[in-house]
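Student: Residues per chain, in single letters:
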Amino acid sequence: MDFDLHYLLAQWPALLGGVLMTLRVSLLGIVLSLVIGILGGAVRVAAIPVLSQVVALYVELIRNTPILVQLFFIFYGLPAIGLELSLFWSGVLCLSLWAGAYQVENVRGGLGTVSHGMREAAVALSLRPLQYYSLVALPIAFRTSLPAMLNTAISLLKNSSYLQAIGLAELTFVAVDRIATDFRAIEMFSAICVLYLVLVALLSLATGRLSAHLQRPFRQ
Amino acid sequence: MEFMIDNWAFVAKGLGMTVRLALVILLFTTLVSAVFGVLATLPSRGLRLVIHAYVELFRSIPLIVNVFFIFFGAPMLGIDLTPFAAVTTGLTLWGSANGIEIVRGGLESVARHQWASAWALGLRPWQVYLHVIGPQSMRAILPAYTGLLTMLVQATSLGALVGVSEFLKVGQVIIERSAVMTGASPAFSVYGTVLLVYFVLCSSLSWLSRYLERRLGRPAMRAKGV
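Chains as they are written, first to last, in the numbering used here: chain G, 35 to 254; chain F, 45 to 270.
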């Protein structure tokens, strides 16, 4: 079996379309999962009764079930009880809910490292709890948990490949779709492996820049 | 829910297949991880580099791409794989990449002086690993490894995409069947039940992992009776 590079070059537009779709769902998913993480993490740390337990249950539920089953539940299960979402938004919802659970734990871990003195200082300055979270605790926690958040974001990007199973035309779907007609599995999968590696590297690079930017006040 | 109960024999078969997949993958993953995890702690730089490259590669590509690569790619190379074998191979490659890191990290977490003392006593390398470092590394390895097992059980659901009749696939078949027979899709209740069963299975494993971490984590404290 020879490796046909010309075939891959001819398939370039289809692959690019797949990359763009993967990027779209992943970036939306990353943003929404961070929102879930920040809200859920604050609820957990502030130990708001009932709400805190609900968030804990959500985190456990997501972490202890396969993402594929979550996806099928959202895409096929929810419409059965009248909650219809488009293909794209089902995918975004699934990825956000999945990664959100991990981001809650990341944010919680980060908030746990904020020293008690900060809280006392905020009280002394008569900041309200909401101001304390948004102006003091979260910015500090964000620096600490950025590496963990990046890991979750990378996992989300990789897991966007599961959306192939419901037929969203992202990178893996494009590859499998082409293979069904052209039988060039080795070429296609090698190509998308490289593309996924590049996407992950780009995400790491961007976060590295962000991290360096956030570390400015502490640089000598 | 009643669909799952009506088809209990079929459901049990699917669950059995999920457990079988997980156990077979666990066995191969453990073998590969043990061997290469130990090799990764040896002084050879080339060896470490090769193992590191393997670990990074399989942890960076999406799991589903890994399984599809084997499932669709192997026939093109003239290798005929059953869906079961394809899933087992794909998940073993991925599981080992994680397992090797756990074993290597566990071995390296054992205090330097333990290595030095073992060598000073004139133990052979295999004796150092088997009698001194190995048992002590279990403290770090076992909780993390149980966590890996949880991920493996979840990952077996990929079998449904390549045609292994495991638990998720059984759920899909039940939904299709009753949709044809009754005209209404029981997707919500069936997938809900599937979620719940996975949750019970995996959260008990997660609980075991946390228990092991507590139990093994602080030997000094335990000796003091705390």
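To be clear, the hints were calculated from the coordinates, so they are not data collected in a lab.
Keep in mind that this is a model prediction, so the values were computed, not measured.
Any given hint could be a false lead.
[Stated by the list, open to error] Have a look at the derived ranges for each label pair, beta carbon to beta carbon:
{"id": "1", "chain 1": "G", "residue 1": "Ser224", "chain 2": "F", "residue 2": "Leu252", "range": "48 to 58 Å"}
{"id": "2", "chain 1": "F", "residue 1": "Gly207", "chain 2": "G", "residue 2": "Asp38", "range": "53 to 63 Å"}
{"id": "3", "chain 1": "G", "residue 1": "Ser224", "chain 2": "F", "residue 2": "Leu71", "range": "47 to 57 Å"}
{"id": "4", "chain 1": "F", "residue 1": "Glu100", "chain 2": "G", "residue 2": "Trp123", "range": "30 to 40 Å"}
{"id": "5", "chain 1": "F", "residue 1": "Arg156", "chain 2": "G", "residue 2": "Asp216", "range": "51 to 61 Å"}
{"id": "6", "chain 1": "F", "residue 1": "Val224", "chain 2": "G", "residue 2": "Gly201", "range": "50 to 60 Å"}
{"id": "7", "chain 1": "G", "residue 1": "Trp123", "chain 2": "F", "residue 2": "Glu220", "range": "45 to 55 Å"}
{"id": "8", "chain 1": "F", "residue 1": "Glu220", "chain 2": "G", "residue 2": "Thr215", "range": "24 to 34 Å"}
{"id": "9", "chain 1": "F", "residue 1": "Asp124", "chain 2": "G", "residue 2": "Asp211", "range": "54 to 64 Å"}
{"id": "10", "chain 1": "G", "residue 1": "Leu54", "chain 2": "F", "residue 2": "His96", "range": "29 to 39 Å"}
{"id": "11", "chain 1": "G", "residue 1": "Ala182", "chain 2": "F", "residue 2": "Pro169", "range": "35 to 45 Å"}
{"id": "12", "chain 1": "F", "residue 1": "Trp52", "chain 2": "G", "residue 2": "Thr215", "range": "37 to 47 Å"}
Backbone N, C-alpha and C define an ideal beta-carbon position, used for all residues, glycine too.
Student: Determine for every hint whether it applies to the structure shown.
Tutor: Results of checking the hints against the structure:
no.	hint	result
1	G:Ser224 <-> F:Leu252: 48 to 58 Å	violated, 39 Å
2	F:Gly207 <-> G:Asp38: 53 to 63 Å	violated, 27 Å
3	G:Ser224 <-> F:Leu71: 47 to 57 Å	violated, 29 Å
4	F:Glu100 <-> G:Trp123: 30 to 40 Å	holds, 33 Å
5	F:Arg156 <-> G:Asp216: 51 to 61 Å	holds, 55 Å
6	F:Val224 <-> G:Gly201: 50 to 60 Å	violated, 20 Å
7	G:Trp123 <-> F:Glu220: 45 to 55 Å	violated, 24 Å
8	F:Glu220 <-> G:Thr215: 24 to 34 Å	holds, 25 Å
9	F:Asp124 <-> G:Asp211: 54 to 64 Å	violated, 23 Å
10	G:Leu54 <-> F:His96: 29 to 39 Å	holds, 32 Å
11	G:Ala182 <-> F:Pro169: 35 to 45 Å	holds, 36 Å
12	F:Trp52 <-> G:Thr215: 37 to 47 Å	holds, 41 Å
In terms of the numbered hints stated before, the structure departs from hints 1, 2, 3, 6, 7, 9, listed from lowest to highest.
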